[in-house]
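> Chain by chain, the residues run as shown.
Number of protein chains: 2
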Amino acid sequence: MSGRVRIVDVASLAGVSTATVSRALSAPETVGRATRDRVMEAVRATGYRVNGAARDLRQQRARSLLILAPNLANTFFSRIFSAIQEEASAAGLAVQISDSRIGREKLVSLGYDGRADGIVLLDGAIDPDVVNGWRLPMIQLCEWNEAYRAPRIGIDNAAAARMAVEHLADLCHRSVLHVSGPDGNVLAVTRREGFSDGVAARGIAGTTLAGDFTLEAGACAARRWAELRPRPTGVFCASDECALGFISECAALGFGVPDDVSVVGFDDIDFAHRFLPALTTIRQPREALGRAAAKALVNLLGLAQVADPGDPAIAPTIVVRSSTAPPPTDDSRVATITLD
Amino acid sequence: MSGRVRIVDVASLAGVSTATVSRALSAPETVGRATRDRVMEAVRATGYRVNGAARDLRQQRARSLLILAPNLANTFFSRIFSAIQEEASAAGLAVQISDSRIGREKLVSLGYDGRADGIVLLDGAIDPDVVNGWRLPMIQLCEWNEAYRAPRIGIDNAAAARMAVEHLADLCHRSVLHVSGPDGNVLAVTRREGFSDGVAARGIAGTTLAGDFTLEAGACAARRWAELRPRPTGVFCASDECALGFISECAALGFGVPDDVSVVGFDDIDFAHRFLPALTTIRQPREALGRAAAKALVNLLGLAQVADPGDPAIAPTIVVRSSTAPPPTDDSRVATITLD
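Chains A and B, in that order, give the protein sequences.
Here full-length UniProt numbering is used: position 337 in the first sequence is 337, and no number is missing along the way.
Here full-length UniProt numbering is used: position 106 in the second sequence is 106, and no number is missing along the way.
Honestly, the hints are just simulated from the structure, not real lab data.
Watch out, some of these pointers could steer you wrong.
[To be verified] One-sided and incomplete, this derived list gives chain B residues near chain A with beta-carbon spacing under 8 Å:
1) S26
2) V43
3) R49
4) S98
5) R115
6) S248
Just so it is clear, the structure is predicted and the values come from calculations on it, not from any experiment.
For glycine and all other residues, C-beta sits at the position ideal for the given N, C-alpha and C.
Using the sequences provided together with the hints, build the complete structure.
Written out as structure tokens, the structure reads:
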């Protein structure tokens with residue numbers, strides 16, 4: 001029966017206008033509670049369902065944002081998705097998600113299939129021809145690509161990496177290692193540049209190992225670090241996952257953090273403050289980033305006048321915890337043993 | 001210009017039929033590479049975009065699944081979202097996500113707004129009147145509610161909790177603590193029942209503290225555990241986050257895991273095997289769960305004949321790592337000191 005019921009049937013049963021039925025379903029907060037209850041009762045009794053496609057055809061929009069991310073299984077994105085969904089929902093928009101590894105053909109069609117009004121793009125490694133071909137309003141978030149024709153929101157990754165080096169240098173580390181992200185990734189490149197600038201500015205020794213932001217890349221880097229002579233006493237990992245993998249593997253190899261080596265992460269994921277030791281890291285304000293991107297996109301779509309999301313470069317901060325300390329010295333070790 | 005271009009213009013420029021243009025955009029893998037390239041070039045040259053709403057109106061469907069989760073920021077869901085999206089994409093469906101805490105009115109309208117063809121429901125605590133009012137094909141995943149009229153996919157949570165107790169009992173723990181999930185939650189209730197059955201079956205002492213699955217609930221439980229006399233020597237937490245918070249706070253209080261207390265988690269999140277100590281835990285096969293739910297929903301929607309996703313109760317397993325060991329005894333401690 002539900003396919004045959006029209007809005008006028010619901011309105012007549014509820015004793016209200018069709019406009020009220022429409023408002024009660026699409027913007028329930030604009031209708032009084034008693035009326036809303038009456039309408040919903042009539043909707044249930046009749047089995048009415050909005051023909052979303054017909055309404056969208058009239059309005060010529062999908063009422064939906066698409067979030068495109070390089071790996072949906074990466075837990076870094078959870079808080080970003082949550083913040084975007086909250087802002088989108090407030091603007092009456094649904095949120096669609098897609099992994100960007102769905103293949104070139106499917107990627108191309110994302111911009112032409114009419115399912116999304118705009119895109120929050122978390123991947124800077126998609127072919128610019130594909131991205132610029134979409135002709136939809138877009139915001140680049142966290143990652144970026146100079147060739148994409150879309151505004152960017154994100155932290156200053158080079159400045160954040162310099163902060164990590166500054167912290168290690170302030171603790172008197174003279175030789176530091178950077179475990180970077182993968183070669184083609186814009187975040188990896190920018191953080192590596194910040195690391196290089198930082199060690200040059202402080203006149204200390206800097207080495208880089210290529211990783212890929214994962215736990216296992218951190219563990220692998222720890223095994224390579226253990227073989228270095230002399231071993232750098234401070235390590236800056238390009239992600240918290242990498243840092244936690246590094247520390248975990250250090251423990252397996254018999255090295256203590258921060259007694260034998262200090263480790264700084266990047267992101268401040270939820271586990272960072274509960275790891276053993278609690279991780280010193282660069283904090284990316286993920287919720288603020290998600291909110292800013294959603295607001296900027298809603299603005300671009302002209303769907304709501306929302307407050308300006310502020311400076312697109314949201315400030316990173318360093319959170320100092322227990323994984324960093326002054327470097328070990330032979331003197332200090334002898335002293336400890338003697339005093340015990 | 002893009003609003004005025006019709007599919008026939010693209011077809012004529014590319015020298016193909018309108019049906020070929022349509023296939024090249026909606027199912028690119030069904031069209032040969034050379035033809036596809038010609039069509040996409042014509043699409044770009046003309047600025048053509050599919051009118052998704054018009055097509056959906058003809059087909060009377062949204063071509064979209066909705067995933068409804070109790071908290072999008074919970075990293076437990078990342079792998080589930082990723083697996084659902086992969087299966088949905090293969091079936092030509094978009095994936096919409098929503099937090100279920102958007103308020104009753106917005107929740108009600110999710111089932112009537114025509115944006116989704118079906119729902120994967122990860123929340124068992126929504127009012128059954130709302131859920132059953134939706135009249136959309138639905139699959140309950142992980143959490144469930146007996147009152148929802150929808151098939152369920154998930155692990156046997158009681159059996160999994162009994163496994164955790166068995167493991168501790170096998171290690172000779174005689175007094176064990178369960179840090180449960182929140183009172184109203186069906187997973188919390190079922191795991192607590194499994195814990196109680198397990199301790200009764202093994203004739204050991206069991207105590208329960210109420211938590212809420214979070215890191216901080218685990219830390220709080222550790223402070224309360226430290227005050228118990230005698231202290232249970234084994235702890236089973238209802239989630240890995242809770243277990244990691246418990247272990248982290250134990251360290252802050254001066255207790256070692258597993259030397260002073262053994263800890264078992266639940267889920268096997270990505271960090272579990274890299275925590276210090278590596279966490280013994282119940283593994284939920286999240287990717288398999290997500291895939292099974294997506295396949296079952298695609299079947300319900302009649303969009304594709306996919307292989308039966310198999311038994312809806314996907315088997316949990318226990319993964320034994322370093323956070324569990326035999327309980328400390330005064331004897332063993334004396335022996336250790338003597339032998340050193």
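> Determine for every hint whether it applies to the structure shown.
Cross-check of the supplied hints:
Below 8 Å, beta-carbon pairs count as interface contacts, and S26 (chain B) has one with chain A at about 7 Å; its hint therefore holds. At about 7 Å, the closest approach between the beta carbon of V43 (chain B) and any beta carbon in chain A falls short of 8 Å, and the interface hint on this residue holds. Among the interface hints, the one on R49 (chain B) holds; its C-beta lies about 5 Å from the nearest C-beta in chain A, closer than the 8 Å criterion. With 8 Å as the threshold, the beta carbon of S98 (chain B) comes within range of chain A, its nearest partner Cβ sitting at about 6 Å, so the hint holds.
Given the 8 Å rule on beta carbons, the hint for R115 (chain B) holds: about 5 Å separates it from the nearest Cβ of chain A. Against a cut-off of 8 Å between C-beta atoms, the interface hint on S248 (chain B) holds, since the closest Cβ of chain A lies about 4 Å away.
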